[in-house]
Amino acid sequence: MKKVIFTSLVFFALISQFAFAEVIIKGRLLTENQQPIVQAKVSLSGSNTNTDKQGYYQINVADADIYRLDYSKEGFYPSVQTFSHFELTNQAAPLTIADITLVEKAEGRVMFAFGGDAMMGRRYYKPYFGDEVLIHNDSRIVDSRAVIENVKPYMSLADIAAVNLETQIFANKPGDAAPKSVAFYSKPEILDALTWAGIDYVTLGNNHTYDYKKSGLETSLKHMRESKLAFSGAGINEEEALKAHVTNINGVDYGMLGYVGWEGRADPNQVAEHDKGGAAFGSLNNIIASVGKQVDAGRVPVVQYHGSQEYTNNPTGVTEKRLKAAIDHGAALAIAHHPHVTQGIELYKGKLIAYSMGNFIFDQYIPSTPYSFLLYVWMDKGEFHRAEIVPIYLKGYKPTPATGINRYTTMKRITTLSAQRNTHIGLSGGHGVISTEQTPSNNQSATISFPENTRTAPLYLLPWQKNLAQVNTPKNVSYRLGINLINGSDFESFDTFNSNERSWFFDREHTVINNYGASGNKSLGVTVNSNQTSTVGMQAFRRKFKGDIPTTVTAKVKTDNVAKISFYWQGRRYGQGFFQARKESEKQLIGSVDLQGKSAWQTIELDFESVRHNYPSKGYRSYRVIAEIELTDGRTGKVDIDDFAAIEWQSAFTELPTPFHTSVESKQASYIGISKSTSETVKITFQ
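Counted the way mature numbering (1 follows the signal peptide of the UniProt record, and there is no 0) counts, the sequence shown spans residues -21 to -1, 1 to 666.
Everything labelled a hint here was simulated from the structure, so no lab data went into it.
C-beta atoms are modelled at their ideal positions from N, C-alpha and C, and glycine is treated no differently.
Any given hint could turn out to be false.
Computed spacing ranges between beta-carbons, pair by pair [stated by the list, open to error]:
no., residue 1, residue 2, range
1, Gly556, Gly271, 26 to 34 angstroms
2, Thr75, Asp539, 35 to 43 angstroms
3, Lys159, Gln559, 50 to 58 angstroms
4, Asn264, Glu488, 41 to 49 angstroms
5, Asn229, Lys525, 46 to 54 angstroms
6, Lys655, Thr611, 52 to 60 angstroms
7, Lys159, Ile492, 15 to 23 angstroms
8, Lys84, Lys159, 39 to 47 angstroms
9, Ile528, Lys655, 15 to 23 angstroms
10, Glu588, Lys84, 54 to 62 angstroms
11, Val17, Ala43, 27 to 35 angstroms
12, Gly554, Ala77, 43 to 51 angstroms
13, Gln559, Lys84, 31 to 39 angstroms
14, Pro453, Gly329, 43 to 51 angstroms
Using 27 angstroms as the maximum straight-line C-alpha spacing, the simulated DSSO-like pairs for lysine-lysine come out as follows [unchecked claim]:
no., residue 1, residue 2
15, Lys525, Lys577
16, Lys105, Lys32
17, Lys525, Lys84
18, Lys222, Lys328
19, Lys360, Lys303
20, Lys32, Lys5
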């Protein structure tokens, strides 16, 4: 039974949509011992100020969609933090940033910065969906740098910055690709761009280092040696591939090691052997032996490992076994990648393991893959001191600081998956912090109001670093928790960071981003011609979903015309190609709503059960949600849309105050739903 709720919007209680010609932003800088940092410099949009005796600062700037603040103090590592105006408006003016901790410089202390998988091939040159070309052949250096420009300020802060270079390097294909489903190559300008952005070292220990076999590897290694980037993890034979990159940083010798976790089924395979080139094979024996060589030589081993299964929440048992063995045999730090989504972080025997960094520079359009992070790690003479998680979002295949709902989604996932391993993430401004002193945080509460006749509300402005501990609803009202399947639902980040959002489908010629919204300062404006239909929705199919789950599609709509909006789901079956599914799969109606022209925002909520999974030979592997809009009064007019979400409910309705989590996804809830509308508030407690 489909249910339609249709009402005027009353704003979500935690959100203010007021914008100002000038705003005041304030905050505080502290040492790791929670002491104020006095006379630190704070810079924002050309304006500068200093912290006072208590570490507080206040800065006046013109209001903007995005604020990037730079913090510096002699004797401390500098910090960069970025926020959207929208995410700071959950309080009265002035806009307040949570306390930020700066790490003091010390003898033998080294700051590392790590990013995940990187390549600049395929859709950077030939994008899908009519999107703009990011790298043109006649301007490759400029364009390649532009891809990474938004995270250059972050990577440049470290003593040494590293990523996984998951591609071969050459200007022209040197030969046939290995017999595998996907082969990557990037133009040599990617090496210039990485160096320009402050990256010092790359690991080549991955499953794409041998994509074009011997000739591709030799060409790639030639370009690597001609660049300024250090590297390890691959070579023309096993001995060379397992050799570490050795470097001295602040008086401490480090050995940087890279491995791939499996040999590969192609012939020839992807790993280096006695008389064959390839990636360093990260077998248990190879890891123990090569880590031991670095320890015996008096160096601090840092391991990067490429393994586990793609698009999963947790590492495989083999990956975890090998990374912990590396630590047990002397590695100081272990960083892993390959799943293309983030996984948890663990403090194991006082040493840090990051199980998956996700993507850093990548052209995937799978909805779960843009959410990623940079990882800062401070080491004291080879011992773990502190880590900081910088959330990023690959917006249009370009890494950008994650703000607003993108920050919440990214950090909630990492926090939840890390907590499973008894590793707790604290807060420093908009970043996450891991220290050797794992102390639980204090309880915090918030109230949520539901507009008249509505039953869903977002949780994006609530604290991502805390666990939802209790939900108190009015009498005879039950609740459920869900996650939103649609990226960029609030449209607040659509036109930020000089990069277009590529996860949405709409007619580009007749669609604009409005400077007003239902819950913030942005919305999508769609011009609908008379006697025609405009379509808006998910560009790609949501991958790795669970079928037959209660789901709600919700959107806020404003139009002066009489309009009809019909919502559909479209599935992709097993064995069906992506573009084949978009073209041939039947659209299944969720529900339709008739709108009368009003100047106020109106809310739509449609309940349905998600597509049935069935058997792989017959069922769907993924689906997407789209909306078709038509004006029924025969005119041409504009329809504004905001907060377009597809909420997959992770729990049944309950009145029990303590949430019962049946999956790790339910702990990452971004929406709450109630069984019936109420004028009373719902109280949520976090710990």
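Okay, the hints, checked on the actual structure:
1. Gly556 x Gly271: 26 to 34 angstroms: violated, 47 angstroms
2. Thr75 x Asp539: 35 to 43 angstroms: holds, 38 angstroms
3. Lys159 x Gln559: 50 to 58 angstroms: violated, 22 angstroms
4. Asn264 x Glu488: 41 to 49 angstroms: violated, 59 angstroms
5. Asn229 x Lys525: 46 to 54 angstroms: Holds, since Asn229 and Lys525 (Cβ atoms, about 48 angstroms apart) stay within the stated range.
6. Lys655 x Thr611: 52 to 60 angstroms: violated, 31 angstroms
7. Lys159 x Ile492: 15 to 23 angstroms: violated, 40 angstroms
8. Lys84 x Lys159: 39 to 47 angstroms: holds, 46 angstroms
9. Ile528 x Lys655: 15 to 23 angstroms: At roughly 21 angstroms between Cβ atoms, Lys655 and Ile528 fall inside 15 to 23 angstroms, so the hint holds.
10. Glu588 x Lys84: 54 to 62 angstroms: With a Cβ separation near 57 angstroms, Glu588 and Lys84 satisfy 54 to 62 angstroms, so the hint holds.
11. Val17 x Ala43: 27 to 35 angstroms: Cβ of Val17 to Cβ of Ala43: about 28 angstroms, so the range 27 to 35 angstroms holds.
12. Gly554 x Ala77: 43 to 51 angstroms: holds, 48 angstroms
13. Gln559 x Lys84: 31 to 39 angstroms: Violated - the Cβ-Cβ distance for Gln559 and Lys84, about 56 angstroms, lies outside 31 to 39 angstroms.
14. Pro453 x Gly329: 43 to 51 angstroms: holds, 47 angstroms
15. Lys525 x Lys577: violated, 38 angstroms
16. Lys105 x Lys32: violated, 54 angstroms
17. Lys525 x Lys84: Outside the cut-off at roughly 48 angstroms; violated.
18. Lys222 x Lys328: With Cα atoms ~26 angstroms apart, Lys222 and Lys328 stay inside 27 angstroms; holds.
19. Lys360 x Lys303: holds, 20 angstroms
20. Lys32 x Lys5: Distance of about 15 angstroms is within 27 angstroms: holds.
Violated hints for the displayed structure, listed by number in ascending order: 1, 3, 4, 6, 7, 13, 15, 16, 17.
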